[in-house]
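Trainee: Protein sequence lines correspond, in order, to chains U and D. All letters in the first sequence, in the order written, are residues 1 to 402 by UniProt numbering. All letters in the second sequence, in the order written, are residues 1 to 437 by UniProt numbering.
Honestly, I wouldn't trust all of these hints.
What the hints assert, rightly or not - Computed cross-link-like contacts, DSSO-like style, restricted to lysine-lysine with a CA-CA straight-line distance of at most 27 Å: (1) D:K387 <-> U:K401; (2) U:K387 <-> D:K268; (3) D:K354 <-> U:K206; (4) U:K386 <-> D:K268; (5) D:K268 <-> U:K206; (6) U:K223 <-> D:K255; (7) U:K206 <-> D:K418; (8) D:K343 <-> D:K354; (9) U:K158 <-> U:K342; (10) D:K397 <-> U:K401; (11) U:K371 <-> D:K255; (12) U:K401 <-> D:K255; (13) D:K418 <-> U:K223; (14) D:K255 <-> D:K158; (15) D:K338 <-> D:K397; (16) U:K223 <-> D:K354; (17) D:K338 <-> D:K387; (18) U:K387 <-> D:K387; (19) U:K223 <-> D:K338; (20) U:K223 <-> D:K387; (21) D:K418 <-> U:K386.
Unchecked claim - Stretches of chain D that chain U covers, calculated by requiring three or more beta carbons in the stretch to come under 8 Å of a beta carbon on chain U: (22) 188–201; (23) 255–262; (24) 293–300.
It is worth saying that the hints were derived from the structure and are not from the lab. Where is the CB? At the ideal position from N, CA and C, for every residue including glycine.
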Amino acid sequence: MTESNFSLKKIEISVSEAEKRTGRNAMNMQETYTAYLIETRSVEHSDGQSVLTDSLWRRCSAFEWLRNYLLVYYPHIVVPPLPEKRAEFVWHKLSADNMDPDFVERRRIGLENFLLRLASHPILCRDKIFYLFLTQEGNWKETVNETGFQLKADSRLKALNATFRVKNPDKRFIELKHYSDELQSVISHLLRVRARVADRLYGVYKVHGNYGRVFSEWSAIEKEMGDGLQSAGHHMDVYASSIDDILEDEEHYADQLKEYLFYAEALRAVCRKHELMQYDLEMAAQDLASKKQQCEELATGGELFSIWGVTTQLFGQETPEQREARIKMLEEQIKEGEQQLKSKNLEGREFVKNAWADIERFKEQKNHDLKEALISYAVMQISMCKKGIQVWTNAKECFSKM
Amino acid sequence: MSGGPPKALPSTGPQSLRDMPHPLAGSSSEEAVGGDSTPSPDLLTARSFGDKDLILPNGGTPAGTASPASSSSLLNRLQLDDDVDGETRDLFVTVDDPKKHVCTMETYITYRITTKSTRVEFDLPEYSVRRRYQDFDWLRNKLEESQPTHLIPPLPEKFVVKGVVDRFSEEFVETRRKALDKFLKRITDHPVLSFNEHFNVFLTAKDLNAHKKQGMALLTRVGESVKHVAGGYKLRSRPLEFAAIGEYLDTFALKLGTIDRIAQRIIKEEIEYLVELREYGPVYSTWSALEGELAEPLEGVSACIGSCSAALEELTDDTTEDFLPVLREYILYSDSMKSVLKKRDHVQAEYEAKLEAVALRKEERPKVPADVEKCQDRMECFNADLKADMERWQNNKRQDFRQLLMGMADKNIQYYEKCLMAWESIIPLLQEKQEDK
C-alpha cells in the first residue's frame, strides 16, 4: 500500500492485542509496559474483503509521541485525545490498577478509537508520520525525532504568558475556551457522580442476594410454602448477579464521556495557540510602532520629549552622520517589521480560518457522538429495567405458588 | 362462649370469603384508581356489605391476581379453608379515620371502629366507636387473661424504638391503623375469640373507660383455672406436635429476623442510591445549559433520572410502610405463641405431677380423684384449642406471606415499569434530528 492510496475509505485499522512486556529502559532499569498490536487492512473494492497489509507492535509511549508530533504540526486542529493512562473515576469494584486486565482491555479499545479518529480526520489522515506509525516497524521514533517537532513545540511558559497578556484575541476563541473549561468541569463532575451511583446500585442489587440464602433456609422448615420460597430465592440470586454485566456495559458509556472530557483539553490547546499567535502579532505590532516612533523622533531632531531625546542629552550629542545611520537602520528594521507584521497577520488569519473550520467539524462530531452515547445509555437503562421486571415477575410467580 | 373444647359455632371460623370491606378498610383504592397507591381511610361508604360478585373459589388462584396493584393492601387477604361449606359471615369490623386529639395533659390519636353484625350478642346491627391504642392494649390483655388457651394476635409495637419517628406523622399513623385493623380482623375471624365479652364491649361500649374501671371479671372456668397454674412443675415429655411447633417457631422467628435485617439494609442502600441519583440528574441539566444542539437531549436525560428518583423513593417508602411492619408483626406473633406454648407445658406438667402424686399414694381409691380429672380436662382442652389455633395460624400465615411477598415483588415491578417508561419516552427525543445546526 503506497502513501497515495492512504485514505480513510480504503483501510481498516485495529488495535487487536495488548501484551504485557518487560524490558530495559534508557537508564538500563527493568520496566514493565504494555505493547499493542496494530493491524492495518486494506479493503478491496470489488468484494469488500480486507487484506492484512501491515502488522506491528507499538507501546504506549509511541502513541504519545505520535500525538505530540501532531499537536506541534497541526496546531489549528482539534487533535483527538488518548485514553487515560491511569484508571480514574472508578467505582469500588473496578480496579484502579493499571495492569488490571479489564483496564488494559479498555485502554486497547481507547487506543484503537484514537487511531480511527485520526484515520477519519480529513487532514490528519494524510499525515506521513501517522502513515509510518502504522507501517514502519523499526526506527519510527527516530523518523519522528528527525522532524524536530520537539524543538518546534511552544513552551508552556510562553503560552501561559501569552494567555495573560494578549489584548485582543478573537472573541470566538475566548468563548470556546470558556466553553471547554465548563465542559471539562461538568463532565468530570458527571463521571464522579456516576461512579458513586454505580457503587450504590451495586450495593442494592447485591444485598438482595441475601434473600436467596434466607428463603432457602426458611423453605426447609415449611411444608406447602417451601417450594415457592426456594425457587423465589433462586431468582433473587439471579437478580443480585445481574448487576455485574449491567455495570460493565455502563463503563463503555463512561469511556465515551471521558473521550470528550479529554477533547476539552484539545480544544483549549487550539485556543492557546491562537492566543500565542495573537500575542506574537500584538508584540510585533507594538515593536514596529515603537520603532516608527523612534525614527520620527530622530528625524525631527529630538524635539519631542522622549527617553531617546533625554539620553542623547545626557550622554552627549551625536554627530549628524551617526544620526543618519541610525535613522537608516531603523527604516530598514521598520520595513522588515512591516513585512513580518503582514505575514504574521496573514498567518493569524489563516490560522483562525482553518482552526474554526476544524472546530465546526469537531462540534458536529461531538453532537453526533454524544447523542449516540446518550441513546446507548438510555438503551442500557431500558435493558436493565426489563431485566428487573423479568426477575421480579418470576419471583412473584414463585411467591404465588406458596 | 368457650367453656370447653370448641364447639361447632353458628358462624365464623375461617372460610372462603372475599374480603368485602375493601373500601371500608380503605386501603385498596389502588385497585380502581390507576397508579394511586396511597389508601384513603375515608372511603367508608363506597360499597355495601354482602356484595358477593367477587367470590373466589376455594384453593383458587392467589390473592394477587385480583388486580396488579392490590398487593400493598394488607387487608386484601383471602382466607381459604379446607371446609367446603363456607358459611355466611355475620361480623364485620373496620378500623379507620384516625384523628388527633389535643388535651391539656396529652396528645393522642383515636381511630373509628365500625362494627356491623347480625349476631344476637350485639344489641344493635351497627356500632361506631372511637378507640385509642391504650384501648387495644387493654383488649389484648383481657383476651390473654380470659382465653389463655388460644393464640391472641399481636398488636403493633407500643413505643417506637428505632429512629426519631414522628408519632403523629401520616405514614406512622397509617401503618398503625392498618396493623390495628388487622388485629381486630384476626379476632373477628376466630371462632372463639370473636365471641369474647371483652371484645364485644370493646366494639360497642360508648365509654370504655367506665368498663375498664368496673374491672369486668367475666373469666371463664378454663381461664380462671389456668391463671392459677403455678410454675415449677417439670414437664415429662412434650407431645411431638407441640415440640415440633416450638422448634418451628424458633427457626421461623430467626428467619423473619434475618429477612427484616435484609429488608432494612436494602432500604438503606436504596436511600443512599437515591441520594446519589439526586445529584446525578441535575448535572445533566448543568451540562445542557452549555450546549446548543445537545441541550434538549441532555435536559431529557436529566428529567428521566428525576423520574427514576421519584419512583425509587416510592419504592422505599412502600417497603418501610407495608413490608417491614408485617414482618415485625409475625415476629411478635411468634413470641406470643411461644408463651402460650409454655403455658400449655405448665398445664401438662401440673397434670402429670398430680397424676404421679396420686400413683404414689398408698391409700388409693380405684377411681381417679376429681381434681386430677379436672387437670386432665384442662390439659386436653388446652391442647385441642391450641392445635386448632395453630392450624388456623399456619393457614393465615401462608396467605399473609404469600400476599406480602407478592406485594414486595409487585412494588419492585412497578418501580422498574416506571423507570422503563421514562427511558423509553426519551429515546425519540434523543433520536430527533434538528433542523437548525
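Trainee: Work down the list of hints and note, for each, if the structure agrees.
Mentor: Outcome of the hint check:
no.	hint	verdict
1	D:K387 <-> U:K401	holds (25 Å)
2	U:K387 <-> D:K268	holds (23 Å)
3	D:K354 <-> U:K206	violated (58 Å)
4	U:K386 <-> D:K268	holds (24 Å)
5	D:K268 <-> U:K206	holds (13 Å)
6	U:K223 <-> D:K255	holds (15 Å)
7	U:K206 <-> D:K418	holds (22 Å)
8	D:K343 <-> D:K354	holds (17 Å)
9	U:K158 <-> U:K342	holds (22 Å)
10	D:K397 <-> U:K401	holds (14 Å)
11	U:K371 <-> D:K255	violated (49 Å)
12	U:K401 <-> D:K255	holds (20 Å)
13	D:K418 <-> U:K223	violated (36 Å)
14	D:K255 <-> D:K158	holds (23 Å)
15	D:K338 <-> D:K397	holds (16 Å)
16	U:K223 <-> D:K354	violated (37 Å)
17	D:K338 <-> D:K387	holds (13 Å)
18	U:K387 <-> D:K387	violated (44 Å)
19	U:K223 <-> D:K338	holds (20 Å)
20	U:K223 <-> D:K387	holds (17 Å)
21	D:K418 <-> U:K386	holds (11 Å)
22	188–201	violated (count 0)
23	255–262	holds (count 4)
24	293–300	holds (count 4)
When the structure is compared with the earlier hints, violations turn up for hints 3, 11, 13, 16, 18 and 22 and for no others.
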